[in-house]
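Peer 1: First to last, the protein sequences are chains S and L.
So the first sequence is numbered by our numbering: it starts at 2 and just counts up by one.
So the second sequence is numbered by our numbering: it starts at 390 and just counts up by one.
The set of hints was computed from the structure by calculation and includes no laboratory data.
Where hints are given, some of them may not hold.
Unchecked claim - Taking lysine-lysine and the DSS-like style, the derived pairs with C-alpha atoms no more than 25 Å apart in a straight line are:
#, chain 1, residue 1, chain 2, residue 2
1, L, Lys552, S, Lys29
2, L, Lys493, S, Lys112
3, L, Lys552, S, Lys112
4, L, Lys836, L, Lys493
5, L, Lys456, L, Lys745
Since this is a predicted model, take the numbers as computed values, not measurements.
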Amino acid sequence: MTEVLFALSIGILFGIGVFQLLRRDLIKAAIGFAILFSAINLFFVAVGAFEGDFAPYVSNVEAGRQTSDPLIQALILTAIVVSFGSFSLVLGFVNIISRRYDTVDSNDLNKLKH
Amino acid sequence: MEQNYVLLGTLVTPLVGAILALVSAHSNRLQRSIGVLAGLIAWVFCTALLAQVHSSGVQIYALGNWKPPYGIVLVADALGGLFAFMVTTIMIGGLLYTFHSHDKCMTYPAFVPLFLLMEVGLIGAMLTGDLFTLFVFMELMVLASVSLTAISDDHYGLEAALKYILISSMGTLFLLLGIGALYATFGTLNMAEIAVTLLTGERPLLAPASAIMLLCAFLLKSAVFPFHFWQPDFHTTAPTPISAMLSSIVVKVGVYGIFRLVTLLFIEEAPLLERWLSTLGIIGILFGSLGALRTYNAKRMLAYSTFAQIGFILVGIGWGQPLALIGAIVYAFNHAFIKSSLLMLMGVVASYTTTKTANFADISGIGSKLPPSLGWLVLIGGLSLAGIPPLNGFISKLTLIQGGVERQDWANLIIMVAAGILTVMYMVRAWQRIFQQNPLPGTVAAKDEGDSLFAPFLLICVCLLLGTVLAEPMIQLISETVRQLGDPQIYISAVNLPALEP
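The whole structure should be built from the sequences, with the hints applied where relevant.
Peer 2: As structure tokens, then:
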């Protein structure tokens with residue numbers, strides 16, 4: 002049941018993310034990018050979280066309990082840091098562009114078209 | 390398990406250099422010296438590493454001394470070592486160029502640290518044996534190069550940077566999704582361990598899907614059709630040394646990834662992937678060469694030409710047999726030197742104009758006011774790009790075409806030779822417009838002083854050497870590399886051996 006819920010929510014997040022990323026408004030596009038990244042983080046959780054029921058401490062491993070996969074959490078933390086870095090960089094660019102071009106509409110950013 | 394500290398040194402040197410450069414932000418001159426010094430030390434490390442790889446086999450370094458399947462492991466095999474060597478060599482050229490440049494963006498305190506971080510990302514992506522670390526290093530490289538383009542002197546740099554970061558982030562997302570799918574199926578991120586499972590012929594549901602996702606991400610990083618549209622803008626508007634790096638070595642990260650996909654991970658699917666790669670490569674060759682012919686800006690012309698050159702490499706990978714792979718690697722290696730030197734030379738030409746532009750309308754006929762050696766260097770570089778005999782471009786075209794003749798793929802060979810003629814056309818025409826024509830009436834006068842010719846001169850010298858004296862050792866080195874690529878067991882046993890011990 003949880004797996005179906007996870008699959009559904011990942012799908013919905015992907016849909017929203019792609020839709021937002023294709024918007025003309027650059028701020029919305031940047032937020033769509035962040036949503037897509039959370040969808041992928043959720044995908045990572047979904048593929049690795051259901052192996053065991055206990056936290057992967059050494060004491061739990063020694064007691065013979067089935068622990069969950071610790072690597073997934075390390076991966077997600079790293080992915081969050083990376084996505085946060087690129088998201089803030091995108092927002093910084095949008096901020097400067099909004100001042101330089103007086104718009105955040107991607108249709109008006111056409112100075113490179115000759 | 391033997392830890393190779395030279396391998397660690399190649400990565401740590403530029404990282405420490407970046408930190409030192411950040412700390413010494415008060416003095417721009419000191420920052421640039423630190424940059425050149427870090428680049429040189431990293432080059433020495435990489436050369437030593439390449440020598441070790443060829444004398445005593447694949448070198449590994451397990452980070453934090455965690456045993457390979459559990460921890461992150463750095464692996465330098467012949468391919469990774471060669472590509473890292475290429476990256477560090479060209480990086481020295483780029484860092485030297487910043488030393489004598491008058492661009493305003495190079496006086497910003499963030500410039501040299503970002504440049505060195507880009508080098509960390511590049512070397513790391515080529516020397517890591519762990520898929521997730523590959524993703525992290527590639528993202529480091531992308532973020533550094535995007536920031537460097539955004540602070541470019543070119544007013545449109547920011548627009549190009551935003552365009553690229555949105556597109557590249559999509560590529561990154563699919564890379565991450567592909568890596569996630571691989572982890573879900575195999576329960577490991579170590580490339581060697583995944584390769585072991587894939588070699589047994591087992592094909593879980595998600596494996597082919599992740600192969601396609603990884604391939605698309607690598608094609609996007611290399612700017613191959615249909616993922617190419619950001620490339621000319623991004624490579625044209627970047628500051629000169631950065632655009633030289635982007636167009637020569639950053640696009641090679643994708644090529645490296647594709648090599649890993651078809652020779653280590655998905656060997657069984659390789660024929661299918663290769664058929665796609667040669668089709669995309671041929672489209673790239675046609676589109677890039679024709680695009681370069683009709684463009685209005687010298688740097689943009691070279692950016693379009695990068696499409697065509699990446700296309701040549703992909704066709705070589707697409708043919709797939711050892712001789713063609715040798716051709717592809719030789720092509721990738723030589724193209725990096727030629728393209729970086731040519732872009733720097735165009736940057737020098739542009740630095741003599743008052744607006745620092747490389748538009749043909751502004752630089753036509755400027756040559757009479759430039760140092761005469763500049764014209765000769767551009768001509769040598771252009772002829773090398775087109776593949777005229779005494780230069781290294783000829784060696785790469787020759788080896789690649791040998792591969793094609795062995796494969797008897799005549800249709801593609803004709804297109805490739807025709808594209809070579811187109812290359813001569815656009816390079817010689819650009820050279821004539823800049824150095825042979827009389828200035829157009831109303832053109833702004835050239836400045837007395839521009840960027841130094843030293844770095845591109847050095848790189849052109851390397852091109853000349855690679856075409857003559859060093860040609861034979863280079864071919865031997867690369868033949869050995871391809872021999873190692875032909876047997877994935879070499880890579881796998883080097884990484885996994887410690888894990889097999891009880």
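Peer 1: Does each hint fit the structure? Answer for all of them.
Peer 2: Quick rundown of the hints versus the structure:
{"no.": "1", "hint": "L/Lys552 / S/Lys29", "result": "holds (15 Å)"}
{"no.": "2", "hint": "L/Lys493 / S/Lys112", "result": "holds (22 Å)"}
{"no.": "3", "hint": "L/Lys552 / S/Lys112", "result": "holds (12 Å)"}
{"no.": "4", "hint": "L/Lys836 / L/Lys493", "result": "holds (16 Å)"}
{"no.": "5", "hint": "L/Lys456 / L/Lys745", "result": "violated (52 Å)"}
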